[in-house]
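Q: The residues making up each chain are set out below.
There are 2 protein chains.
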Amino acid sequence: MKIKEISGGVCAPVGFKANGIHCGIRKNKVKRDFALIVSDVKAAAAGVYTSNLVKGAPVVVTKSNLSDGYAQAIICNSGNANTCNKNGLEVAKEMCKLVSGVSGIKEEDVIVASTGVIGLPLDITPMKEHINVIWEGLGDNSDFASEAIMTTDTVKKSVSIEFEIGGKRCAMGAIAKGVGMVCPNMATNLIFLTTDVAITPAMLQKALSDDVKDSFNMVSVDGDQSTNDTCCILANGLAGNKLIDSVGADYNKFRKALNYCTVYLSRMIAKDGEGATKLIECNVTGAASKTIAKAVARSVIKSSLVKAAMFGADANWGRVLCAIGYAGVKVDVEAIDVSFTSKKGEIAVCKAGYGIDFSEEIAKEILLEDEVSININLNSGKVKATAWGCDLTYEYVKINGDYRT
Amino acid sequence: MKIKEISGGVCAPVGFKANGIHCGIRKNKVKRDFALIVSDVKAAAAGVYTSNLVKGAPVVVTKSNLSDGYAQAIICNSGNANTCNKNGLEVAKEMCKLVSGVSGIKEEDVIVASTGVIGLPLDITPMKEHINVIWEGLGDNSDFASEAIMTTDTVKKSVSIEFEIGGKRCAMGAIAKGVGMVCPNMATNLIFLTTDVAITPAMLQKALSDDVKDSFNMVSVDGDQSTNDTCCILANGLAGNKLIDSVGADYNKFRKALNYCTVYLSRMIAKDGEGATKLIECNVTGAASKTIAKAVARSVIKSSLVKAAMFGADANWGRVLCAIGYAGVKVDVEAIDVSFTSKKGEIAVCKAGYGIDFSEEIAKEILLEDEVSININLNSGKVKATAWGCDLTYEYVKINGDYRT
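These protein sequence lines are chains F and W, in that order.
Sequential numbering of the first sequence, starting at 1, is according to the working numbering.
Sequential numbering of the second sequence, starting at 1, is according to the working numbering.
Since the hints were derived computationally from the structure, they do not count as laboratory data.
Every residue, glycine too, gets a C-beta built ideally from N, C-alpha and C.
Treat each hint with caution, since some may be false.
[Unchecked claim] Each computed DSS-like pair below joins lysine-lysine, with the alpha-carbon atoms no more than 25 angstroms apart:
| hint | chain 1 | residue 1 | chain 2 | residue 2 |
| --- | --- | --- | --- | --- |
| 1 | W | Lys398 | F | Lys351 |
| 2 | F | Lys213 | F | Lys156 |
| 3 | F | Lys27 | F | Lys106 |
| 4 | F | Lys398 | W | Lys398 |
[Said to hold, decoys possible] Listed next, with one range per pair, are the computed distances between beta-carbon atoms:
| hint | chain 1 | residue 1 | chain 2 | residue 2 | range |
| --- | --- | --- | --- | --- | --- |
| 5 | W | Lys382 | F | Ala249 | 51 to 61 angstroms |
| 6 | F | Ser289 | W | Lys242 | 48 to 58 angstroms |
| 7 | W | Glu5 | F | Asn28 | 46 to 56 angstroms |
| 8 | F | Asn28 | W | Ile3 | 48 to 58 angstroms |
| 9 | W | Gly328 | F | Asp357 | 36 to 46 angstroms |
| 10 | W | Ala348 | F | Lys128 | 31 to 41 angstroms |
| 11 | F | Ser289 | W | Arg169 | 50 to 60 angstroms |
| 12 | W | Glu371 | F | Pro121 | 31 to 41 angstroms |
| 13 | W | Lys27 | F | Lys86 | 53 to 63 angstroms |
| 14 | W | Lys290 | F | Met1 | 52 to 62 angstroms |
| 15 | W | Met1 | F | Asp357 | 51 to 61 angstroms |
Assemble the whole structure, with the sequences as input and the hints as a guide.
A: This is the structure:
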């Protein structure tokens with residue numbers, strides 16, 4: 001299947017408009033903090049959410065609103081997570097009502113999300129005062145929406161593609177935010193996907209739930225699973241393809257398109273991890289099972305010592321082996337090979353569990369790149385898995401040492 | 001039972017001598033890197049070890065040597081972990097032989113340990129050349145041994161106490177090292193305890209195994225479980241108390257003395273965590289079970305975001321709740337109270353799962369202290385647990401970004 005990257009973000013598919021403005025939730029006077037995405041018609045909708053027991057109020061409301069499998073709009077603010085507040089549910093519902101009031105869309109068809117500090121009451125007033133402004137500015141403004149959902153993100157995270165299903169041109173777009181408190185178990189931080197593919201809510205949910213296991217759930221910036229993780233997709237059917245209502249060739253094409261977008265954003269989220277200077281990809285091969293492959297990849301990508309070594313471009317592979325050893329799954333240590341790669345080349349550092357001679361200079365050159373892979377062959381089977389993360393830097397500590405002030 | 005702190009470290013109990021010298025494993029010409037502890041007579045011995053699948057060669061040899069429940073000496077080097085090396089076992093056994101050669105102690109009665117970089121062959125030559133020097137200098141030199149086992153530790157970690165069992169004056173001493181790669185599951189890094197109490201190997205092992213669950217296993221600096229964690233105790237019986245061979249009043253006294261030393265060192269290890277500026281203690285109360293209490297305490301103490309907030313003296317309690325929420329155990333979020341304490345006082349920040357008004361200024365003053373407690377009442381039962389950790393700082397990143405060079 002041919003997938004082509006195009007411009008447009010969440011507005012790339014037919015029938016979607018977006019906008020993002022500064023409404024005043026953030027003290028910073030410039031940064032957009034209020035986003036809206038709307039489909040021309042009601043869309044099939046699916047979501048995956050944080051498994052943290054402490055859940056943001058918007059997560060609870062969105063889950064309930066998506067229970068019938070349909071939605072038409074997404075409202076989101078940054079600057080406040082609306083979590084652990086007494087009136088949180090009330091405010092989240094009020095946000096849906098704002099969209100309803102200005103658009104006529106039923107409030108139960110609105111997806112609501114918030115991101116930012118936990119535990120401070122979210123004042124609805126700035127959004128109430130600006131709902132007309134954001135509504136009237138709706139258009140081909142995915143970038144504004146993308147900016148509005150950022151917190152300490154340093155880059156806008158967006159992707160859009162086109163592809164064919166059943167001879168019809170289809171498109172998919174997505175925006176995401178996520179830099180810290182990133183260690184998803186059901187989805188990561190905020191990700192909103194749009195598509196004009198015609199697909200039933202049940203198949204859409206299946207596609208999304210299956211996909212995140214190998215995409216967003218394999219990302220870790222700091223091992224802290226957010227209270228507000230939400231990944232939602234709207235599929236409005238305007239591409240005119242034959243409705244996908246079961247597993248088959250068309251469904252598989254849809255899965256590939258979806259996976260293209262989710263892996264693209266997983267890598268972007270990892271690379272923009274708070275304070276990160278580089279993307280780290282951990283490729284595990286030769287595993288006896290998927291469980292083992294994923295556990296090893298996640299353990300290595302989460303290790304503070306591995307992350308700090310990558311920051312220092314230090315080929316300290318002993319820390320990689322150490323993290324494999326405490327991953328909690330059975331591996332044969334004396335079968336493990338480890339190498340590092342980047343666009344500068346590959347260097348083997350460990351064979352069959354023991355260190356081998358290698359050039360520290362060449363290793364340094366490879367590890368100084370801004371995208372580095374740690375390759376682990378367990379030599380015990382044929383299953384593989386990939387996880388994405390980033391290095392641990394002074395900047396991470398700085399950002400998180402005084403986030404609220 | 002009255003416990004009194006005394007001087008002497010591992011030499012405080014009757015019949016123990018120690019020494020530590022620079023033999024040349026480390027390039028640094030000053031730092032001691034070679035330690036020896038010897039009992040005048042054969043002693044009951046017990047150990048707990050890393051559960052990391054990647055195990056240092058010395059761990060394997062020590063386990064085997066302690067299988068009969070007795071030992072008489074401890075040899076240890078720093079600067080090289082002797083782990084993931086092809087000739088690791090050979091070198092570890094050779095170290096035991098060195099002790100045997102100079103002392104006449106059977107090599108199977110020697111405990112061997114190494115700490116430092118993983119994956120570089122350990123050259124036995126400097127130890128071979130200095131075994132006579134270290135042997136001849138044996139005496140009341142616990143501090144030298146303590147210094148010799150340090151890696152990036154900034155302070156020597158030692159404690160010694162006296163107490164009474166059955167009318168006899170007994171003593172216990174210990175030295176420890178541990179700053180990074182600290183997240184024990186069976187013991188933490190290197191801890192050597194000595195005592196003159198008379199106790200059977202079986203009861204000694206039971207006491208140690210039970211104790212570490214609530215002491216060293218509740219410490220985390222960076223979530224990385226070391227490949228070389230070893231905690232061993234020698235009990236030579238020279239205090240002359242009636243042999244402790246079963247559970248009872250004397251055993252309980254011994255457990256209390258042991259716990260005094262292990263908690264003392266747990267706090268020292270946490271406070272001296274790599275780059276740390278402060279000790280963080282997480283006290284969980286009101287839990288429905290021990291499993292829940294411990295999981296919550298460990299999750300909070302391990303959270304990078306909580307650790308960074310503590311570094312910034314930022315009362316960001318939302319991160320504490322977040323870490324409770326992903327601890328993997330069932331808690332009633334809407335019952336949770338959180339407060340922070342230090343010697344400057346206590347401040348409540350969260351009641352029944354929601355934020356409450358509090359003075360940021362007073363909170364800052366409390367959190368600026370070098371020993372801070374995070375207090376979590378789950379209000380769901382009567383069980384409690386404590387975990388120890390430290391803040392996450394620029395210095396941690398600096399130390400670990402280029403540890404090997």
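Q: Does each hint hold? Answer for all of them.
A: Hint check results:
1. W:Lys398 to F:Lys351: Not OK: lysine 398 of chain W and lysine 351 of chain F at ~29 angstroms, beyond 25 angstroms, violated.
2. F:Lys213 to F:Lys156: Cα-Cα ~24 angstroms, so holds.
3. F:Lys27 to F:Lys106: Violated. Lysine 27 of chain F to lysine 106 of chain F sits at ~31 angstroms, over the 25 angstroms cutoff.
4. F:Lys398 to W:Lys398: Roughly 13 angstroms separates the two Cα atoms, so the pair holds.
5. W:Lys382 to F:Ala249: 51 to 61 angstroms: Once the Cβ atoms are compared, 59 angstroms apart, the range 51 to 61 angstroms for alanine 249 of chain F and lysine 382 of chain W holds.
6. F:Ser289 to W:Lys242: 48 to 58 angstroms: holds (54 angstroms)
7. W:Glu5 to F:Asn28: 46 to 56 angstroms: holds (53 angstroms)
8. F:Asn28 to W:Ile3: 48 to 58 angstroms: holds (55 angstroms)
9. W:Gly328 to F:Asp357: 36 to 46 angstroms: Cβ of glycine 328 of chain W to Cβ of aspartate 357 of chain F: about 42 angstroms, so the range 36 to 46 angstroms holds.
10. W:Ala348 to F:Lys128: 31 to 41 angstroms: holds (32 angstroms)
11. F:Ser289 to W:Arg169: 50 to 60 angstroms: Roughly 57 angstroms apart at Cβ, these two residues keep to the hinted range, so it holds.
12. W:Glu371 to F:Pro121: 31 to 41 angstroms: holds (32 angstroms)
13. W:Lys27 to F:Lys86: 53 to 63 angstroms: Holds: the Cβ-Cβ distance is about 59 angstroms, inside 53 to 63 angstroms.
14. W:Lys290 to F:Met1: 52 to 62 angstroms: Because 53 angstroms falls inside the window, the suggested range holds.
15. W:Met1 to F:Asp357: 51 to 61 angstroms: holds (56 angstroms)
Violated hints for the displayed structure, listed by number in ascending order: 1 and 3.
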